[in-house]
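> Modelling step: build the complete structure from the supplied sequences, incorporating the hints.
There are 2 protein chains.
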Amino acid sequence: MGDRLYFEDFEVGGCAVHGEKTVSEAEIIAFAREFDPQPIHVDPAAAALSPFGGLIASGVHSCSMMMRLMCDGYMLRSASRGSPGIDEVRYLLPVRPGDVLRVRMTVVDRRRSASRPEMGIVQARHELLNQKDEVVLEMTSKVMMGCRVPEAGA
Amino acid sequence: MGDRLYFEDFEVGGCAVHGEKTVSEAEIIAFAREFDPQPIHVDPAAAALSPFGGLIASGVHSCSMMMRLMCDGYMLRSASRGSPGIDEVRYLLPVRPGDVLRVRMTVVDRRRSASRPEMGIVQARHELLNQKDEVVLEMTSKVMMGCRVPEAGA
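Keeping their order, the protein sequence lines are chains S and R.
Every letter in the first sequence is one number past the one before it in our numbering, and letter 73, counting from 1, is 73.
Every letter in the second sequence is one number past the one before it in our numbering, and letter 103, counting from 1, is 1103.
Because the hints were derived from the structure by calculation, they are not lab data.
The model shown is predicted, which means the values in this text are computed figures rather than measured ones.
Hints may be right or wrong, so weigh each one.
[Unchecked claim] Just a sample of chain S residues kept apart from chain R, beta carbon distances all over 12 angstroms, derived:
no. : residue
1   : E8
2   : A16
3   : A48
4   : C147
5   : E151
[To be verified] Label pairs and their calculated CB-CB ranges:
no. : chain 1 : residue 1 : chain 2 : residue 2 : range
6   : S       : E27       : R       : V1135     : 29 to 37 angstroms
7   : R       : G1053     : S       : P117      : 19 to 27 angstroms
8   : S       : P117      : R       : R1111     : 42 to 50 angstroms
9   : S       : D109      : R       : G1054     : 30 to 38 angstroms
10  : R       : A1030     : S       : S115      : 32 to 40 angstroms
11  : S       : E88       : R       : A1030     : 23 to 31 angstroms
The beta-carbon is built from N, C-alpha and C at its ideal position, and this holds for glycine as well.
In structure tokens form, the structure reads like this:
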């Protein structure tokens, strides 16, 4: 339990970069064939004629790759109890074959649960970065996080 | 092009249900092993001891399955030009092995593009329904959609 992360460890303003993940054309196509078979994601020839000039990853694929970076970066060693949802997912730049992705997590707010003294809510901004340090995708989400020390008399 | 859907075909208040998709335990585990390997999504024994009482699909997996239902339901035969993002993703109920999912799409707003007469923006609410007609996931998104008849003098 030595490096396990609890509510108390997520300080507002705290920021960390995790990863990396290299994206292949085969992965982009395989994911999109199953979940988002639009030509821009599955057909390199059609994609080459599009305004993007080539194959780009599906938005839900990029979200999924970001989730894996979050898991490996901190979530799997945290006291996370899940998320009620996600806000403001913004697709800012395309993700292309060969891109190398990392995730930057910034804590924007946190509060203890009013009803459950053993829990807190951490609000974080997650930005998916490529190898040029460009933000390709951003989103805000809340995570319910167990506390190391339950609130006494709060 | 007979049944191709354009901006003009998405009327505010318009609503349609598309699908269906049956979710298997194997799919839940396979997706989560790649993108969200938290015990609740990959380990049936650990999940059985959790508050959910069993394995549940990763949130990004549910979003991905919804995207596929959207593609097959209307997007692949529409003049969609992509989305700038998603808002208010809410995980309302768990998605479990054996669930049968459909998507309900409701047009909440639309407007012609001010700068590009051949395009419009359709704002839609998408709800993922299970076999009990419960909403398990909802989100709001905007899609840029080509117009059948470009605006003249607007």
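> The output says S:A48 does not contact chain R. Does that hold with a beta carbon cutoff of 12 angstroms?
holds, 16 angstroms
> Falls inside 23 to 31 angstroms, the C-beta gap from S:E88 to R:A1030?
holds, 29 angstroms
> In terms of Cβ atoms, is chain R entirely out of 12 angstroms range of S:C147?
holds, 17 angstroms
> Verify this label for me: S:E8 is non-interface relative to chain R, using a Cβ-Cβ cutoff of 12 angstroms.
holds, 21 angstroms
> Is 29 to 37 angstroms respected by the C-beta to C-beta distance linking S:E27 and R:V1135?
holds, 31 angstroms
> Does the Cβ-Cβ separation between R:A1030 and S:S115 fall within 32 to 40 angstroms?
holds, 36 angstroms
> Given a hinted range of 42 to 50 angstroms, is it respected by the beta-carbon distance of S:P117 and R:R1111?
Since the Cβ atoms of S:P117 and R:R1111 sit about 47 angstroms apart, the hinted range of 42 to 50 angstroms holds.
> Would the least Cβ to Cβ distance between S:A16 and chain R come out above 12 angstroms?
holds, 19 angstroms
> Is the nearest CB of chain R more than 12 angstroms from the CB of S:E151?
About 20 angstroms separates S:E151 from the closest Cβ of chain R, which puts it past 12 angstroms; holds.
> Starting from the hint 30 to 38 angstroms, judge whether the C-beta atoms of S:D109 and R:G1054 obey it.
The hinted range 30 to 38 angstroms holds for S:D109 and R:G1054, with Cβ atoms some 32 angstroms apart.
> State, for the Cβ atoms of R:G1053 and S:P117, whether the hinted interval 19 to 27 angstroms holds or is violated.
Cβ of R:G1053 to Cβ of S:P117: about 24 angstroms, so the range 19 to 27 angstroms holds.
Checked against the numbered hints given earlier, this structure breaks none of them.
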